[in-house]
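**Q** Sequence:
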Amino acid sequence: MAALSLTLFPRLSLSAESWLFDYTLDDRTLPFGELHNTLGMADLTLDTRPRLDLVAGYEDWSVLFASPASESLVPILARQQFAFAALAWQARIKNRLTMNIQGGGYENFVTSRPAYEGGAGISYRISRFLEVFGSGDYFNQSVLYNGASQEAVWGFNLWF
Numbered sequence: 001m002a003a004l005s006l007t008l009f010p011r012l013s014l015s016a017e018s019w020l021f022d023y024t025l026d027d028r029t030l031p032f033g034e035l036h037n038t039l040g041m042a043d044l045t046l047d048t049r050p051r052l053d054l055v056a057g058y059e060d061w062s063v064l065f066a067s068p069a070s071e072s073l074v075p076i077l078a079r080q081q082f083a084f085a086a087l088a089w090q091a092r093i094k095n096r097l098t099m100n101i102q103g104g105g106y107e108n109f110v111t112s113r114p115a116y117e118g119g120a121g122i123s124y125r126i127s128r129f130l131e132v133f134g135s136g137d138y139f140n141q142s143v144l145y146n147g148a149s150q151e152a153v154w155g156f157n158l159w160f
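Under the numbering used here, residues 1 to 160 are what the sequence shown spells out, in order.
Quick caveat, the hints were computed from the structure, so don't treat them as lab data. Since the structure is predicted, the reported quantities are computational estimates derived from the model, not experimental observations. Virtual Cβ for every residue (Gly too), placed ideally from N, Cα, C. A hint or two may mislead.
Now the in silico label distances, taken between C-beta atoms and shown as ranges [stated by the list, open to error]:
| no. | residue 1 | residue 2 | range |
| --- | --- | --- | --- |
| 1 | Ser149 | Arg49 | 11 to 21 Å |
| 2 | Gln90 | Phe160 | 20 to 30 Å |
| 3 | Gly40 | Tyr138 | 16 to 26 Å |
| 4 | His36 | Asn157 | 19 to 29 Å |
| 5 | Leu73 | Arg96 | 39 to 49 Å |
| 6 | Lys94 | Asp26 | 41 to 51 Å |
| 7 | Gly40 | Asn157 | 16 to 26 Å |
| 8 | Arg79 | Trp159 | 15 to 25 Å |
Generate the whole structure from the sequences, applying the supplied hints.
**A** As structure tokens, this is what we get:
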């Protein structure tokens, strides 16, 4: 993964990232394919307390399947291109506890389907260097396959 961010003004930043994932199935014994993703976005801070941001951008990704046989195993969309926009709210609830909520939409240029998503999450700063987090999202039209999807993400961040 490669990422670049640039702060143009105190309330406006731009970012771009590109990453490549190598997917496998059956406990890493069956090659599935490579997913390449590139996105660019702008982040405009509308308010700082609590923080309210308008985020907008463009994302492009494609899957290069290892073989036609592996392509038929998972009903994934092979190519996606979409513009997106969202409002993101974030507030510190307690000294080290932060909550965020976001909602937005995107227009898929490949399938010509507008869609929306929403989600929320929390994070807790354990120390100066360690933070744990959890979040959940709902998409009425997944960008991975045809149909709705829900996802849960949890983990930790190390800060240096």
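**Q** If a hint holds in the structure, say so; if it doesn't, say that too.
**A** Okay, the hints, checked on the actual structure:
Evaluation of the 11 to 21 Å hint for Ser149 and Arg49 yields a failure: the beta carbon distance comes to about 33 Å. Gln90 and Phe160 have their C-beta atoms about 22 Å apart, which keeps the hinted 20 to 30 Å range intact. About 25 Å separates the C-beta atoms of Gly40 and Tyr138, a value consistent with the hinted range of 16 to 26 Å. Separated by about 25 Å at the C-beta atoms, His36 and Asn157 satisfy the suggested range of 19 to 29 Å.
Take Leu73 and Arg96: their Cβ atoms lie about 43 Å apart, and the range 39 to 49 Å holds. The given range of 41 to 51 Å is respected by Lys94 and Asp26, whose C-beta atoms sit roughly 44 Å from each other. Evaluation of the 16 to 26 Å hint for Gly40 and Asn157 yields a pass: the beta carbon distance comes to about 23 Å. Between Arg79 and Trp159, the C-beta spacing of about 36 Å breaks the proposed range 15 to 25 Å.
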